[in-house]
Every structure is written in C-alpha cells, then in structure tokens.
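Student: Take a look at the letters that make up each chain.
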Amino acid sequence: NAGVTQTPKFQVLKTGQSMTLQCAQDMNHNSMYWYRQDPGMGLRLIYYSASEGTTDKGEVPNGYNVSRLNKREFSLRLESAAPSQTSVYFCASSEVLGDTQYFGPGTRLTVL
Amino acid sequence: GDSVTQMEGPVTLSEEAFLTINCTYTATGYPSLFWYVQYPGEGLQLLLKATKADDKGSNKGFEATYRKETTSFHLEKGSVQVSDSAVYFCALSDRGGYQKVTFGTGTKLQVIP
Numbered sequence: 001n002a003g004v005t006q007t008p009k010f011q012v013l014k015t016g017q018s019m020t021l022q023c024a025q026d027m028n029h030n031s032m033y034w035y036r037q038d039p040g041m042g043l044r045l046i047y048y049s050a051s052e053g054t055t056d057k058g059e060v061p062n063g064y065n066v067s068r069l070n071k072r073e074f075s076l077r078l079e080s081a082a083p084s085q086t087s088v089y090f091c092a093s094s095e096v097l098g099d100t101q102y103f104g105p106g107t108r109l110t111v112l
Numbered sequence: 001g002d003s004v005t006q007m008e009g010p011v012t013l014s015e016e017a018f019l020t021i022n023c024t025y026t027a028t029g030y031p032s033l034f035w036y037v038q039y040p041g042e043g044l045q046l047l048l049k050a051t052k053a054d055d056k057g058s059n060k061g062f063e064a065t066y067r068k069e070t071t072s073f074h075l076e077k078g079s080v081q082v083s084d085s086a087v088y089f090c091a092l093s094d095r096g097g098y099q100k101v102t103f104g105t106g107t108k109l110q111v112i113p
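Sequence lines, in order, name chains A and B.
Note that the first sequence covers residues 1 to 112 in the numbering used here.
Note that the second sequence covers residues 1 to 113 in the numbering used here.
Hint data in this document are derived by calculation from the structure and do not stem from the laboratory.
Keep in mind that the hints are not guaranteed to be accurate.
[What the hints assert, rightly or not] Some chain B residues flagged as far from chain A (calculated, every beta-carbon gap over 10 Å): (1) 13; (2) 15; (3) 20; (4) 53; (5) 61; (6) 69; (7) 71; (8) 78.
[Said to hold, decoys possible] Label pairs and their in silico Cβ distance ranges: (9) 112(A) <-> 83(B): 31 to 41 Å; (10) 62(A) <-> 26(B): 24 to 34 Å; (11) 78(B) <-> 80(A): 46 to 56 Å; (12) 45(B) <-> 59(A): 20 to 30 Å; (13) 28(B) <-> 14(A): 38 to 48 Å; (14) 84(A) <-> 41(B): 18 to 28 Å; (15) 20(B) <-> 7(A): 37 to 47 Å; (16) 79(B) <-> 7(A): 37 to 47 Å; (17) 84(A) <-> 56(B): 39 to 49 Å.
[Stated by the list, open to error] Some chain B residues flagged as far from chain A (calculated, every beta-carbon gap over 10 Å): (18) 7; (19) 14; (20) 16; (21) 19; (22) 55; (23) 56; (24) 58; (25) 62; (26) 65; (27) 67; (28) 70; (29) 83; (30) 113.
Each residue gets a CB set at the ideal place from its N, CA and C atoms; glycine is no exception.
Modelling step: build the complete structure from the supplied sequences, incorporating the hints.
Tutor: Structure (structure tokens):
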C-alpha cells in the first residue's frame, strides 16, 4: 500500500499562475483533507471532504478550490497564486471524520 | 472554540534524558486526543492517541495520559534517542459537531549524542 501520495513534491510558480495539487489514497478512506504548514503556525486546514461528493471550507479557504474527484482522489487548485501561498501543503485522509489521519509527504510550493 | 496549547520549542536534550512535552486543550464535550510526529522532510504520522479520560496511549516508548481534570495530554519518554529528533504535534478531535481536528503549533525536539 502506498498510503497517501501527493504530486508534485516541489513547485515554483510566478504570481498569478495557476496550478493543481493532486492527492490520492489507497486505504478506502471516506474523509480527506488539505492543510498548509507555515513556520510557527502549525497546521491550518484549508478544505476537507467528509465523504465522496462533499467538500467544506476549513480555516483558511480563501484563494483555493478543491475537487473530490472520487473516493480516492482529492485535488487542491490555486487559481491565481500569490506569494502569501508559499507554504508546504499536506493532504491527509481518515476512515471517518475525526479519526486518525494519515498524511502524504507534502508539496513544497514557492510563489515568486 | 477548540484549541490546543503546546510548550514552545525547541527542546534540546542529551541522549538518554527524560522527555516531557506539555499539551493542554480547550474543547466542548469529550474529545479524542492525539500526538503526531513529523520527521524532517516528511508528513505527520500518528504516534499515539487516547479516546477517553484516564486512557493512556503508548508507542515506541512514548506515553501520554488523557487527564480530563487538568485538560492535559503531556507526552513523555523515559530515555530519548537521537532518532527521536523531530517535531511533535498535539491534536484533538471534537467528537461533537463535524469532528474537526485541531492541531497545536508543534514542538521541535533535538536530541544530541
């Protein structure tokens, strides 16, 4: 089992460019999450999906959109990247909401 | 709302020293409590958890006890190793509402030989 996979691992964007971060899990989990991690800020929830077909905003959703493509895949889109979105992005999944979360290896994004 | 407060880091210890990382929480109801560990360049992984008061979670020599009376879930290890160097996150899952997970800001541990 690969667990939670994320692509790409690294990305550099210019201000205003768009991109999609991909996430997939092979554990048959119902719930999936996107977080960003900034120094001194811990983890902040961007969006989550309690189950296939549903998505909800987290603490810091502005500037992002998500798609729960199917039970396995949950993508995060930056429509017009800004330097404030420079961060490390983690995808996670859990069997149900609130249960133990399993994290991917992260995507390190720099917006110039 | 829910919150988790961890001790500020970094914490620097010599190998074989005793470790305590403090964690206190604020939550309505009866949350589940977690400790996650993040090794350099990796995502978080579960270290241990406890789902009700007085439960003790343990793994890899680490322990934490769910103390409802003091709203605490302190992480301890009797003898740390260099390989324990990582960032440790305390978290809670509110079992009411939509069961959002709230993370602390993390405590960096450095163990020196």
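Student: Hint by hint, note whether the structure agrees.
Tutor: Hint-by-hint comparison with the structure:
1. 13: 21 Å, holds
2. 15: With a cut-off of 10 Å, residue 15(B) remains clear of chain A, as the shortest Cβ separation is near 27 Å.
3. 20: Answer for residue 20(B): holds, closest chain A Cβ roughly 20 Å.
4. 53: With a cut-off of 10 Å, residue 53(B) remains clear of chain A, as the shortest Cβ separation is near 17 Å.
5. 61: Correct as stated: the minimum Cβ-Cβ distance to chain A is 20 Å, above 10 Å.
6. 69: 23 Å, holds
7. 71: Given a closest Cβ separation of 18 Å, the condition holds.
8. 78: Non-interface label on residue 78(B) holds, nearest chain A Cβ at 25 Å vs cutoff 10 Å.
9. 112(A) <-> 83(B): 31 to 41 Å: 36 Å, holds
10. 62(A) <-> 26(B): 24 to 34 Å: 26 Å Cβ-Cβ, so the 24 to 34 Å window holds.
11. 78(B) <-> 80(A): 46 to 56 Å: Because 51 Å falls inside the window, the suggested range holds.
12. 45(B) <-> 59(A): 20 to 30 Å: 22 Å, holds
13. 28(B) <-> 14(A): 38 to 48 Å: 44 Å, holds
14. 84(A) <-> 41(B): 18 to 28 Å: 23 Å, holds
15. 20(B) <-> 7(A): 37 to 47 Å: Given range 37 to 47 Å: holds, Cβ gap about 39 Å.
16. 79(B) <-> 7(A): 37 to 47 Å: At 39 Å between Cβs, range holds.
17. 84(A) <-> 56(B): 39 to 49 Å: Since the Cβ atoms of residue 84(A) and residue 56(B) sit about 41 Å apart, the hinted range of 39 to 49 Å holds.
18. 7: 13 Å, holds
19. 14: 26 Å, holds
20. 16: 29 Å, holds
21. 19: Check passes; 20 Å lies beyond 10 Å.
22. 55: 14 Å, holds
23. 56: 17 Å, holds
24. 58: Its Cβ never comes within 10 Å of chain A, the nearest being 15 Å, so this holds.
25. 62: 16 Å, holds
26. 65: 18 Å, holds
27. 67: Answer for residue 67(B): holds, closest chain A Cβ roughly 20 Å.
28. 70: 22 Å, holds
29. 83: 19 Å, holds
30. 113: 26 Å, holds
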